[in-house]
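*Asks:* This is what each chain is made of:
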Amino acid sequence: MTPLFRTCKRRLPTWLSAVLLSGVYAALLVLIITLLIPPTTFGLIYLDIGR
Amino acid sequence: MTIAALFLFCASLLGVVLAICIEGNRGLDAMAVVALTSVALLSPASAVWLLASSVIVVSAMRNAWAERRKGLVFSALTAVLTALLFATRELDTLVWIGGAYFTLRHIHVLSEWWTGRICAPRCADYLRYQLFAPVIMAGPIHRLPHFERQCRRRRVSPAQFFCGAERVLIGFALTVVLASWAVRRLAGAANTLAIEQSAFIRHWVDSAFDWLHIYCSFAGLSAIAIGLALMCGLVLEENFRRPWAARNLIDFWSRWHMTLSHWCRDYVFRPVAAASRNALVGLLAAMLAMGFWHQASAYYLLWAIWQSLGIALTHMLRRYPPAMPASLARVLAWASVPLWLTLTKPVVLLVLHGVAA
Numbered sequence: 001m002t003p004l005f006r007t008c009k010r011r012l013p014t015w016l017s018a019v020l021l022s023g024v025y026a027a028l029l030v031l032i033i034t035l036l037i038p039p040t041t042f043g044l045i046y047l048d049i050g051r
Numbered sequence: 001m002t003i004a005a006l007f008l009f010c011a012s013l014l015g016v017v018l019a020i021c022i023e024g025n026r027g028l029d030a031m032a033v034v035a036l037t038s039v040a041l042l043s044p045a046s047a048v049w050l051l052a053s054s055v056i057v058v059s060a061m062r063n064a065w066a067e068r069r070k071g072l073v074f075s076a077l078t079a080v081l082t083a084l085l086f087a088t089r090e091l092d093t094l095v096w097i098g099g100a101y102f103t104l105r106h107i108h109v110l111s112e113w114w115t116g117r118i119c120a121p122r123c124a125d126y127l128r129y130q131l132f133a134p135v136i137m138a139g140p141i142h143r144l145p146h147f148e149r150q151c152r153r154r155r156v157s158p159a160q161f162f163c164g165a166e167r168v169l170i171g172f173a174l175t176v177v178l179a180s181w182a183v184r185r186l187a188g189a190a191n192t193l194a195i196e197q198s199a200f201i202r203h204w205v206d207s208a209f210d211w212l213h214i215y216c217s218f219a220g221l222s223a224i225a226i227g228l229a230l231m232c233g234l235v236l237e238e239n240f241r242r243p244w245a246a247r248n249l250i251d252f253w254s255r256w257h258m259t260l261s262h263w264c265r266d267y268v269f270r271p272v273a274a275a276s277r278n279a280l281v282g283l284l285a286a287m288l289a290m291g292f293w294h295q296a297s298a299y300y301l302l303w304a305i306w307q308s309l310g311i312a313l314t315h316m317l318r319r320y321p322p323a324m325p326a327s328l329a330r331v332l333a334w335a336s337v338p339l340w341l342t343l344t345k346p347v348v349l350l351v352l353h354g355v356a357a
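From first to last, the protein sequence lines are chains A and B. According to the working numbering, the first sequence is numbered sequentially starting from 1. According to the working numbering, the second sequence is numbered sequentially starting from 1.
Think of the hints as simulated: they come from the structure by calculation, not from any bench. Here the structure is a predicted model, which is why all the values come from computation and not from measurement. For each residue, glycine too, the CB sits at the ideal point set by N, CA and C. You may find that some hints are simply not true.
Pairwise CB distance ranges, derived in the manner of DEER restraints [claimed, not checked]:
no.: 1; chain 1: A; residue 1: 20; chain 2: B; residue 2: 199; range: 29 to 37 Å
no.: 2; chain 1: A; residue 1: 12; chain 2: B; residue 2: 329; range: 32 to 40 Å
no.: 3; chain 1: B; residue 1: 309; chain 2: A; residue 2: 7; range: 38 to 46 Å
no.: 4; chain 1: A; residue 1: 3; chain 2: B; residue 2: 56; range: 53 to 61 Å
no.: 5; chain 1: A; residue 1: 3; chain 2: B; residue 2: 95; range: 33 to 41 Å
no.: 6; chain 1: B; residue 1: 321; chain 2: A; residue 2: 14; range: 46 to 54 Å
no.: 7; chain 1: A; residue 1: 1; chain 2: B; residue 2: 153; range: 15 to 23 Å
no.: 8; chain 1: A; residue 1: 20; chain 2: B; residue 2: 67; range: 37 to 45 Å
no.: 9; chain 1: B; residue 1: 146; chain 2: A; residue 2: 19; range: 36 to 44 Å
Covered stretches of chain A (chain B as the covering partner; in silico rule of three or more C-beta atoms under 8 Å from a C-beta of chain B) [said to hold, decoys possible]:
no.: 10; segment: 9–17
no.: 11; segment: 31–37
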């Protein structure tokens, strides 16, 4: 059990904690990847796919 | 986060996979090879420096002649390693990776060996310790006895793996989302608001966001390193323990960059305080070591004096507490920490500019 999951489980039901944490993990991952790879990089990738 | 840092993170991740797949110390040896190769690809000079210094230090400790002249060997090697660290800072035409961290690890091991607290490690054990991939770039400055104990007990478990992975994610969130994005934007907005104010106020605002940025980025990098180590079954020393909850400045320095402050306490403060029989001299020496570790400059000289003054004042107030209710004294002591820390930059710059003028 991870520390964040343990903290959530103390206050919420297990299923809700799991759903909530999955959402948090996914949001963090998307945010980190978006901030790490600047928009210009995405532009280049889309341009290459378009070709 | 730079491309080099991301590259080293990917190399560490590869090292973690190898350490999980290969049992025992061989897994960690494979990780060390990956770490050395990745450092060599980014900065060949750093790889040579790291490898050569590690081999020289461990060979010196294992030499029978050196066993009889531990003090001389310790002093000579510490002087050479410290001089090398400062020399590489001047050679800014080359990229240097991890020198500030592995130099302190060398000095820690040499000092422990000199005082007889540890035996000379085997070459393979020492290289495994120095080339542990997650800590190469930004610490923590982990200790050899603790690391060896962890290596002996190493068991990879799914529970630890997921705890480590979560820690890595939190670390990335701190570094990338908070430090590099949110705090920078907030600092930009605050600086725009403070543009009409005096230079002192502008530096003060700047300093507050500097501390916040350093905390988020550095605590994040430490969390990534600790998380990666946990994923392959090793528990490393913590680097930050809720520094915002510090009750006073002394408490703050035992919570902020703990592995560095503990290093300065053990290898600078204690010997200097014992030799001079004056705790204040030891404190100033420890703060100077901490400051010069960041950068050898007049700014960090004054930084060290300011921090020493803060700690000395805290000691004095503890010994002779002012007459006021205990709860008010606690609140004031807690509030004095961010006040003193954020005032560092404007006060130091004021003194420097005053001296220049």
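*Asks:* Run every hint past the structure and note whether it holds.
*Replies:* We went through each hint and held it up to the structure:
1. Between residue 20 (chain A) and residue 199 (chain B) the Cβ separation comes to about 47 Å, which falls outside the hinted range of 29 to 37 Å.
2. Look at residue 12 (chain A) against residue 329 (chain B): about 39 Å separates their beta carbons, and that is inside 32 to 40 Å.
3. Restraint check, residue 309 (chain B) to residue 7 (chain A): a C-beta distance of roughly 39 Å satisfies the suggested window 38 to 46 Å.
4. Roughly 41 Å separates the CB atoms of residue 3 (chain A) and residue 56 (chain B), a value that falls outside the hinted 53 to 61 Å.
5. In this structure the hint that residue 3 (chain A) and residue 95 (chain B) lie 33 to 41 Å apart at CB holds, the actual value being about 36 Å.
6. Taken as a hint, the range 46 to 54 Å holds for the pair residue 321 (chain B) and residue 14 (chain A), whose Cβ atoms sit roughly 49 Å apart.
7. Range check, residue 1 (chain A) to residue 153 (chain B): about 21 Å between beta-carbon atoms, so the 15 to 23 Å window is met.
8. The hinted range of 37 to 45 Å is not satisfied by residue 20 (chain A) and residue 67 (chain B), whose Cβ atoms lie roughly 59 Å apart.
9. The beta-carbon spacing between residue 146 (chain B) and residue 19 (chain A), approximately 38 Å, falls within the hinted interval of 36 to 44 Å.
10. For a cut-off of 8 Å, the count of residues in the segment 9–17 of chain A with a CB near a CB of chain B stands at 0, and the three-residue condition is violated.
11. Counting residues of the segment 31–37 of chain A whose beta carbon lies closer than 8 Å to any beta carbon of chain B gives 4, which meets the minimum of three for the stated coverage.
The structure does not agree with the numbered hints 1, 4, 8, 10 stated previously, though it agrees with the rest.
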